[in-house]
Amino acid sequence: MSATQTFLLELHCEEIPARFLDPLTRDFSAAFTTWANGQGLAVTNLEAFYSPRKLAWRGAGLPASQPNQIETQVGPPQRMCVDEAGKPTIQGEKFAEKWGVPFSAVRFEQPAGKKEPCAVVTLTKQGRPTAELLQEALPGLIASLHVPKAMRWGHSQFEFVRPIRNILCLFGEQVVPITVDGVTATNTTWGHRLFHRQHSEPIRIATPAAYEAALEAAGVVVSLEARRTRIAQQLDQLAAEVGGRVVADAELLDTLAEIVEFPKIVRGDFPAAFLELPKEVLVTSLREHQKSFCIEKLDGTDLLPFFLTAANRVDDPAGFVKAGNEWVLKARLYDARFFFAEDRKHPLSDRLEKLQALTFQRELGSYHAKTGRVVALVKTLATRLSQDEAHVNRALEAARMAKCDLRTLMVGEFPELQGIMGGEYLKHEGAHEEVWKAVKEHYRPIGADDAIPGTALGCLLSLCDKLDTVVGCFAVGLIPSGSKDPLALRRAGQGIVRILWDQGWPLTPADLIQASLNTVGAKATKPTAETTEALLAFFRDRVAYQLEMAGYAGSVRRSALATGWADLADLKARCEALSAFAEDARFASLAQSAKRIGNILKDEMPGDAFDAAVLQDASETALAERLETLEATDRQVTLLTALADLAQPLEAFFNAVMVKCEDPALRAARLSLLHRLRQAFLRVADFSLWQ
Amino acid sequence: MHIQELILRLQRFWADRGCLIGQPYDLEKGAGTMNPLTFFGALGSKPWNVAYVEPSRRPADGRYGENPFRVYKHLQFQVILKPSPAKVQDLYIESLEALGIDLSKHDLRFEEDNWESPSLGAWGVGWQVVLDGMEISQFTYFQQVGGLDCRPVSAELTYGIERICMFLGGYDNIFDLVHGEVKTDDGVFPVTYGQMRQREEFELSAYSFEHADLDLHRTLFEAFEKEGWRLLKDHGHFLSAYEQALKMSHTFNVLDARGAVSTTERPGIIKRVRDLACACAKAYLEHEEGVATPVAADAKGGAQ
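Those protein sequence lines, which keep their order, are chains V and G.
Using the working numbering, the letters of the first sequence correspond one by one to residues 1 to 691.
Using the working numbering, the letters of the second sequence correspond one by one to residues 1001 to 1304.
Treat the hints as calculated values from the structure; they're not laboratory data.
Note that the coordinates shown come from a computational prediction; the quantities given were computed from them, not determined experimentally.
C-beta: ideal position from N, C-alpha, C; glycine also.
Heads up, a few of these hints could be off.
[Said to hold, decoys possible] Facing chain G, according to a computed beta carbon distance under 10 Å, are these residues of chain V, among others:
#	residue
1	E14
2	R19
3	R53
4	V120
5	T124
6	G154
7	V260
8	D316
9	W327
10	L329
11	F338
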């Protein structure tokens, strides 16, 4: 076997939209690996690279040729291939002919699974040179890449994400001259546009290993990771230079790394007068309009009048990049300040009536109607949770104001500031802190990584708003299925569960569903029973996911969830208690016994009472003695300790005793004993699901 | 740089690279794409390179001449290259250099921005071209125009004249831009954009936000539509019918700026403009090439 070779493919395109870079490189890597495996060509370490103008892959460990493939073909039984005189029959000769071998090459053996010896030939399929296989396969693999928004260009009939202008394709040092839409691969490519202002010739890549270094010399850092690291370092350094720190935004960091080929971070400043705008407005405006980071004071409070943005070049020799970005940013901030001033000319509450013209959902009506339902829900739940009338009134006030900012100029410009602006405007109007904070945070948690609102009132408002969305949509038949969840109801449901989980309120999902269905009322188009059933199943899934997110072991989750999830506080306590025993070997034994008990009781209906005097064996009287303490124990941990201690006695019991014995009285007593033990277990968990 | 110098340089540059220099079309329109030089030029198989300035009206963007950045009417410099050349990005970059932008000192990026005109049944993919953080051009590969596939594909380059001028000169107010200089026996008089246009901005904004007769515009919209279909159906005249579609589009924009079109009504009205524009495109292609739709080939057929 000759030494292995490395393969390198680069598609050099016009600027590819950042959002497609990662999916495209992944898709090709997967398709290439599948193809290579199918050809008997194992690839070790397939790396992917991308930059705005490049998609590239490098795979090591490919053999120079496919290994020879040895195939065995089985034919008809020996008796049909050879006549009595030992001569080949017509059928025998046809078999040899079919596989292109002389009859003398046919052997007779009994293959596995056959009852008699059969004709067998062994064929050696000569492995083909890898370069030749690549040449044949790559154009098809490239063409079959799924591009969500594909385009044509010039006279091309070929569709791709953006025009392909150059192809580099190497196997070792050898060029694999594939052709895609009239572009034939060579061993050269192009570096940064600025580099080629001085160098008219393309860059030659001598070997796949030389790829990154050759491109770096031509002004392109082709590894995303390398670009991201360099950007992060510059961000930190430039922020520190002005005594601040970067307002972290992982997504923006990824974006910057994806839109430049060479990462240079430029720091600019803006007039300090703009700092009067709320921090969120500045951060959002800078991010959305200028892909820029903000710098905040080291204590994380206020912003400093600086921004950081990426340039696609090595330096900013004339300061044009800084000046240009500052100029654009100033225009943007003038706009933001205009919106902020205009919006505050009228109290936020003026927008309440205007919500009537804003549709929430066709069947469920406007945001005005939604506000009415959320207010009603908040009223129901707030009065259950609090005796303080002033607190309840503040909750109602927050609910009324929650959606008003949807009709402000600022939210019209930056939809992601919904809630935040409502809160800011209320704060400026002098609303109670509880009220404006609740409005500001009521969309949270926005995703799995986002925190729930920081105040109890915010949590209540968030819960009621999401509950109305989920229950309302289910009631009109908009139920998520499979990968389809266009209204992000699962995310909303998860938010509800997270808030309940965290706040420990005595509200069950069933209560919430009922309360919300009452407010949806006649708008529902589906029967209530059907909706409730679907919602319960939906929330059970959300609760199960919450347990997973909380980090409980599979054994804990399965067994705890099976015995009830209506009371989340109780479920949480049981999971916590069970987790302490997750690695306890006694629980494995207990699980075995629990399964056995389940099987034994399957077709039995034992009563609760039994006569302890009937019990004979020491092992069973020992169990009966413990039963009472077990049933009297309330605290989860104590109960679990007691259960763990029961593992050994239970084992002893099953070793010593035949439960379903002849004596009817004894049998009944044993069944009752097990039944009551099981009831005691089920207060915490269904141990039969432990493993 | 003066506005007129920028326009002259762009015209010279593109004329030297084999473009016809066209003229603005004398009807109100929202973008240079609506000029028949582009709308019909991008259809069919004949080679077509053209460049021209197009004054573009966006009634909703009117600010009475008071906003330093936003105006009712602005100038677009439009280039159509059919088929799109392999070095189209390089050509575009050279055109910036012809404007005196030394790219070795600036940051130039092509950021995804796909273009769509629902009222023309047209869409394409491309970028906004960003210079030092400022969007200066729109760059589009037309995929469909008038509901018909573009084969071959044209590249459309649209330069925002005022923006580029402001950016190059570091102006903070569009009305301070200098259009050019009037030289007379009495001396040299620079003329600003404000002198030429500010009063116009005021009156046109007032017209679209306050004075436009909405009933008249609704009637006009219906009348233009009827006229357009009559011209197309009874006479097979797609050019005069297309003018009616342009008039419908502008009439709609006036109504829209006044908030006289509800969100539910909107798609239906746009569709009425589109239907007429698409029918004109189809009639044009039948007239020019005797086929309604360019022959469709396998989408992925190019790879070998």
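Cross-check of the supplied hints:
1. E14: holds, 6 Å
2. R19: This hint holds: R19 (chain V) lies near chain G, its Cβ roughly 7 Å from the closest one there, short of 10 Å.
3. R53: Check passed: Cβ of R53 (chain V) comes within 9 Å of chain G, closer than 10 Å.
4. V120: Since chain G brings no Cβ nearer than about 41 Å to V120 (chain V), farther than 10 Å, the hint is violated.
5. T124: violated, 31 Å
6. G154: holds, 4 Å
7. V260: Since chain G brings a Cβ to about 8 Å from V260 (chain V), closer than 10 Å, the hint holds.
8. D316: With a minimum Cβ separation of about 8 Å from chain G (threshold 10 Å), the hint on D316 (chain V) holds.
9. W327: Holds. Min distance 7 Å.
10. L329: holds, 7 Å
11. F338: Hint on F338 (chain V): holds, closest Cβ of chain G at ~9 Å, below 10 Å.
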